[in-house]
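Asker: In case you want the letters, here they are:
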Amino acid sequence: MGKKILLEHINVPGIETYDVYRKQGGYTAVEKALKTMTPDEVVEEVKKSGVRGRGGAGFPMGMKWSFLAKPEGVPRYLVCNADESEPGTFKDHYLMKNLPHVLIEGMIISSYALGANKSFIYVRGELMYVVRILEKAIAEAKAAGFLGKNILGTGYDLELVVQPGGGAYICGEETALLESLEGKRGNPRNKPPFPAVKGLYQSPTVVNNVESIATTSWIINNGGEAYAAIGIGRSAGTKLISASGHIKKPGVYEIELGVPVEEFIYSDEWCGGIRDGHHLKAVVAGGSSVPILPANLILKLANGDPRLMTYESLSDGGFQTGTMLGSGGFIVFDETSCIVRNTWNFARFYHHESCGQCSPCREGTGWMERVLHRIEYGHGNQHDIDLLVDVAKKIEGNTICPLGDAAAWPVASAIRHFRDEFEWHITNPSEATQPGAVFKGDMALV
Amino acid sequence: MTETQNTVEFTPERLTKAQEIIARYPEGRQKSALLPLLHLAQEQWGWLSPEVMDYVARMLDIQAIEVYEVATFYTMFHLDPVGKHVIEYCRTGPCCLMGGEEVYDYLKQKLGIQAGETTPDQKFTLKEVECLAACGMGPVFQIREQYYMHLTKERVDEIIEELSK
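Protein chains in written order, with numbering that gives the first Met the number 0: chain S, 0 to 445; chain U, 0 to 164.
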């Protein structure tokens, strides 16, 4: 069994309430941090732990914290990014709904470390029921003296505000999220200045993902070194993986980083294998934005070694033969899946979610959607594949925020690894547009 | 359920709630309350008419255009009247892998409407949405705060029958 850090008490009845969470050792990390550690010591522990941003970027969290500007007399803010919207990702939803106090405790520790007295949890608006769960947890923590004025008699004040979004994927991008939190459209900001210098209300701000913040209680209780000892090398600790698609047991799993991908897919402890009578065709390992890989490349590296669930191993081979851990949205496709249709679906998603600020993304995502639509519906022509590659290339790296890259990568990678499937759609339109028709060419299934 | 929009004013309970929300933000940053207030308004009136948006603008002491530009950006806000139940159906990849498109076609056929339309009896409005962060439980749709997961044609029959009562 793998190490459980975040989900250790997930099966304890009533764990969503303060009383039960407290009985399981909850809020001891707040006591330890506020009573026995300085804010800088907390930052130091988190640095030592090596925990990396769990929202997708994988940037070391302690380092991000150390960039926070601290001018005299200016408030600083911590904002938790709970705008989980990356297709294939549902771990933060699961964590907040079942273990709200794990996030609240992490918010208190992180806010203390950063010197924030008012912190925000920005939750995607569709999860209004989770907003209510978090507000209830906050009220309980406040009643127990862990929030509000002069927490535990230490002189530290903290207020937590839960803010609902309005249904916009782009607000998962940290500067768009800050705009939204200020009551505006979610248009990402030009950087610099970075949020660490000028963020919310033009004040120094740290934006961290739910899962990242939730790890801090364990790190404070057990020490940064203990956390760093879990996992492999720079992929320290555990990661929540949202597993979906054609597997026997979809769900949210906490894995110790370093589990072989093959074991994650086939072991009964995790996904339980591909649904009966079917075979693995492809995997999107880190949310819809990351490159899709065919079965042979997701299970093994180019040199034949097993691929592991770590930041480094998943990205081994670059975009030629690798992908990314991303948000841990692990989408599994069996041989009944049409890669062209899925790529069109994702392209439509990014077109719908583009904020429209930058022309390469605004126009390019729509262009890719339309070209993919005509290929899928039997009206593609031979130039379309190269056209898609060309458009994807011209979006990538040419936009204010990473949504452009996120839109380009799924298209470029699907063509890189499944080009014959796109060609089949173009050369055999009447066959390819039959209901349920899927390319059955020379493809490596596992 | 949808009240007349002639008297645009929050109910006393919602007015108290609105004031609490506005007070959460630092002095001079009350515009931050805009999204939460629009949700509160939609909860009361079902949709956001120009009159409702103007009311929210007055409450926050901001220009009406600042409300319109936000309400039109975020997909959760309804800018036209809707039926009693708004079904927000996930059309994104992972749900589709689990048969989401087939179930969706069935739902449209059953209700006799397309995305963006309302049934003649004003009971159901159908809306297509993107990923609802419940991919392991797909196909999924949402009605207000309730998630309906693991959808099948049979499950759709049950839900629609229950809500039609």
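One or more of the hints may lead you astray.
[Stated by the list, open to error] With the Cβ distance kept under 7 Å, some of the chain S side facing chain U (calculated, not the full set): (1) 35; (2) 86; (3) 92; (4) 124; (5) 160; (6) 303; (7) 305; (8) 318; (9) 330; (10) 334; (11) 348.
[To be verified] Per the computed footprint, the stretches of chain S lying under chain U, defined by three or more beta-carbons under 8 Å from a beta-carbon of chain U, are: (12) 100 to 110; (13) 392 to 402.
By construction, these hints were calculated from the structure, which means they are not laboratory data. These numbers were taken from a predicted model, which means no experiment stands behind them. The beta-carbon is built from N, C-alpha and C at its ideal position, and this holds for glycine as well.
Asker: Against the earlier hints, flag every one the structure doesn't satisfy and list their numbers going up.
Answerer: 1, 6, 7, 8, 10, 12 and 13
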